[in-house]
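Colleague: Residue strings, one per chain:
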Amino acid sequence: MTTMTKPTLVDRYVAVAVKGVPAEQRDDVGAELRASLNDAIDGLVDQGLTYDEAQEQACKDLGDPAALAAQYGGRQRFLIGPEYFSEYLLLLKILLSIVPPIIFCVAIVAAAIAGESAGQVIFGAIGVAFQVAVQIAFWVTLSFALMERAGAKPTELSWTPKNLPEIPNRRIGLGETVFSVSTIALAMWALWYAQDHWLVSGVDGGEVPLINPTTWDFWIPALYVVLFASLLVEIAKYRVGYWTVGLATVNTVVNVAISVIFIAVWLGGSVLNPAADVSELVVSLSRLLPWFVLIAVFDAGYGWWAVYRQRVELTIDSHPQSV
Amino acid sequence: MRSDTLTLVIVCLTQYCAFMSTDEVLDSHIQELRRGTVVVACLRILQEPEYGYRLLERLEEAGFAVEANTLYPLLRRLEKQSLLTSDWNTDEPRPRKYYTTSAAGRAVADAVMADWDRLAKALDALSVKGRK
Numbered sequence: 001m002t003t004m005t006k007p008t009l010v011d012r013y014v015a016v017a018v019k020g021v022p023a024e025q026r027d028d029v030g031a032e033l034r035a036s037l038n039d040a041i042d043g044l045v046d047q048g049l050t051y052d053e054a055q056e057q058a059c060k061d062l063g064d065p066a067a068l069a070a071q072y073g074g075r076q077r078f079l080i081g082p083e084y085f086s087e088y089l090l091l092l093k094i095l096l097s098i099v100p101p102i103i104f105c106v107a108i109v110a111a112a113i114a115g116e117s118a119g120q121v122i123f124g125a126i127g128v129a130f131q132v133a134v135q136i137a138f139w140v141t142l143s144f145a146l147m148e149r150a151g152a153k154p155t156e157l158s159w160t161p162k163n164l165p166e167i168p169n170r171r172i173g174l175g176e177t178v179f180s181v182s183t184i185a186l187a188m189w190a191l192w193y194a195q196d197h198w199l200v201s202g203v204d205g206g207e208v209p210l211i212n213p214t215t216w217d218f219w220i221p222a223l224y225v226v227l228f229a230s231l232l233v234e235i236a237k238y239r240v241g242y243w244t245v246g247l248a249t250v251n252t253v254v255n256v257a258i259s260v261i262f263i264a265v266w267l268g269g270s271v272l273n274p275a276a277d278v279s280e281l282v283v284s285l286s287r288l289l290p291w292f293v294l295i296a297v298f299d300a301g302y303g304w305w306a307v308y309r310q311r312v313e314l315t316i317d318s319h320p321q322s323v
Numbered sequence: 001m002r003s004d005t006l007t008l009v010i011v012c013l014t015q016y017c018a019f020m021s022t023d024e025v026l027d028s029h030i031q032e033l034r035r036g037t038v039v040v041a042c043l044r045i046l047q048e049p050e051y052g053y054r055l056l057e058r059l060e061e062a063g064f065a066v067e068a069n070t071l072y073p074l075l076r077r078l079e080k081q082s083l084l085t086s087d088w089n090t091d092e093p094r095p096r097k098y099y100t101t102s103a104a105g106r107a108v109a110d111a112v113m114a115d116w117d118r119l120a121k122a123l124d125a126l127s128v129k130g131r132k
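Chains as they are written, first to last, in my numbering: chain A, 1 to 323; chain B, 1 to 132.
Hints listed in this document are in silico derivations from the structure and should not be mistaken for laboratory results.
None of the values given here were measured: they were computed from a predicted structure.
Mixed in with the good hints, there may be bad ones.
[As the list claims (entries may be wrong)] Far from chain A by the CB rule (all over 10 Å, computed), these chain B residues:
#	residue
1	D23
2	I30
3	V39
4	I45
5	E48
6	L59
7	V66
8	N69
9	P73
10	P95
11	K97
12	R106
13	V108
14	V112
15	W116
16	S127
[Unchecked claim] Partial list, derived from the structure: chain A residues whose beta carbon lies under 8 Å from chain B:
#	residue
17	A31
18	A35
19	A40
20	G63
21	L68
22	Y72
23	S143
Using N, Cα and C, we set each Cβ at its ideal position, and we do this for glycine too.
Using the sequences provided together with the hints, build the complete structure.
Modeller: Here it is as structure tokens:
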């Protein structure tokens with residue numbers, strides 16, 4: 001049986017096909033495939049083809065050996081199957097909507113601390129956030145692909161009507177969230193930047209920071225905590241997709257806290273550096289304070305108004321025939 | 001003259017594409033309908049032991065158009081489901097794997113055929129209603 005001739009087309013076809021078949025079936029499938037191919041070749045030779053032509057035609061008829069192997073229940077020809085796909089997409093969306101924005105803000109603060117220029121800070125943060133996003137996508141995809149191949153069944157994740165979201169249409173878009181998050185991040189960065197770079201001429205000549213360095217002892221760190229909290233509110237809001245009573249409450253608390261900090265610092269009179277020559281500035285800035293509080297009141301109120309409006313719409317939507 | 005020819009070509013191409021697409025739709029539906037029938041045909045033919053290539057020929061003769069690369073993996077699946085049993089015949093110079101329908105396979109074939117009859121009657125009844 002054993003010949004020293006070079007492998008035929010049939011040999012090569014079978015070799016590729018069995019590679020994709022589970023190891024324990026390889027010999028059996030290979031032997032059967034070889035017999036079937038040789039039978040087909042005999043049939044084609046009987047029809048008048050030469051042996052070489054018949055060999056080529058028989059292989060052609062069976063098609064791509066890798067696809068055939070997949071039919072034998074070998075390697076899947078997809079990365080993540082329909083069983084896992086919705087969970088995969090959900091996890092990816094959640095992680096990508098939370099982690100890179102946080103990393104972005106952290107990177108901005110960190111770069112600002114390191115004293116880099118505004119351009120460096122922004123582009124550096126975008127780069128880091130992008131890298132993190134790519135890493136997340138890669139590892140989540142790899143985990144699901146491995147799970148798919150390990151044959152674990154996501155039974156506990158199987159769908160029930162309870163999985164339906166409370167309100168199907170998303171009212172808070174990604175654009176709104178990105179805008180809010182970047183605004184807060186910018187404020188955080190500006191606050192940090194100001195301590196070393198926002199300089200005005202001092203009373204004694206020379207340049208001094210506009211913001212009183214003593215505010216860094218307590219008030220500015222407190223402001224950072226509140227800004228960070230508002231960042232979390234934005235992210236939570238995006239995840240939920242609409243305003244809830246809880247979110248509106250937290251949003252109100254955050255706005256009240258910001259206002260309190262501003263008013264306290266202002267009334268304490270220590271926000272501007274006493275060493276700075278800023279008598280005119282003080283007058284113009286103090287005019288801004290009521291407006292700032294007004295913005296905070298409006299922002300806090302907006303959350304409640306959104307909750308109220310949603311309730312009204314929902315009661316109308318959910319009883320369309322109860323007239 | 002030129003533009004007329006061009007228009008004609010475009011019209012023909014559009015018609016050809018439309019024809020092709022309806023053809024493909026029809027093909028996909030017929031294929032879907034036939035998928036289960038090949039299984040029953042195999043289970044019926046394999047009451048007598050037969051090997052892959054010969055079964056392919058017999059299916060073709062019986063009017064079941066099936067590709068070799070569909071049939072061979074199908075036989076494995078049916079074997080795995082215990083609807084078929086298999087034996088290697090090594091008496092001849094070319095060893096071949098022979099498949100035979102098991103008792104479970106016969107039962108499945110009967111049950112599927114019963115359902116087929118029921119569906120055919122139900123569809124007939126629908127068409128009669130439609131004509132009236």
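Colleague: Each hint: holds or not?
Modeller: Checked hints:
1. D23: holds, 21 Å
2. I30: Check passes; 20 Å lies beyond 10 Å.
3. V39: holds, 15 Å
4. I45: Non-interface label stands for I45 of chain B: nearest chain A Cβ at 16 Å, farther than 10 Å.
5. E48: holds, 17 Å
6. L59: holds, 14 Å
7. V66: Holds: least Cβ distance 12 Å, greater than 10 Å.
8. N69: violated, 5 Å
9. P73: Contrary to the label, P73 of chain B does not stay out of reach of chain A, its closest Cβ about 4 Å off (not over 10 Å).
10. P95: Not fine: 6 Å to the nearest Cβ puts P95 of chain B too close to chain A.
11. K97: violated, 5 Å
12. R106: holds, 23 Å
13. V108: Fine: 19 Å to the nearest Cβ keeps V108 of chain B off the interface.
14. V112: Nearest chain A Cβ is 21 Å from V112 of chain B, so the label holds.
15. W116: At about 25 Å from chain A, W116 of chain B clears the 10 Å cut-off, so the statement holds.
16. S127: Nearest chain A Cβ is 35 Å from S127 of chain B, so the label holds.
17. A31: Result: holds, 7 Å to nearest chain B Cβ.
18. A35: Because about 5 Å separates A35 of chain A from the closest Cβ in chain B, which is inside the 8 Å limit, the hint holds.
19. A40: holds, 6 Å
20. G63: holds, 5 Å
21. L68: Holds, about 5 Å.
22. Y72: holds, 5 Å
23. S143: For S143 of chain A, the interface hint is violated, since the closest Cβ of chain B sits about 29 Å away, which is over 8 Å.
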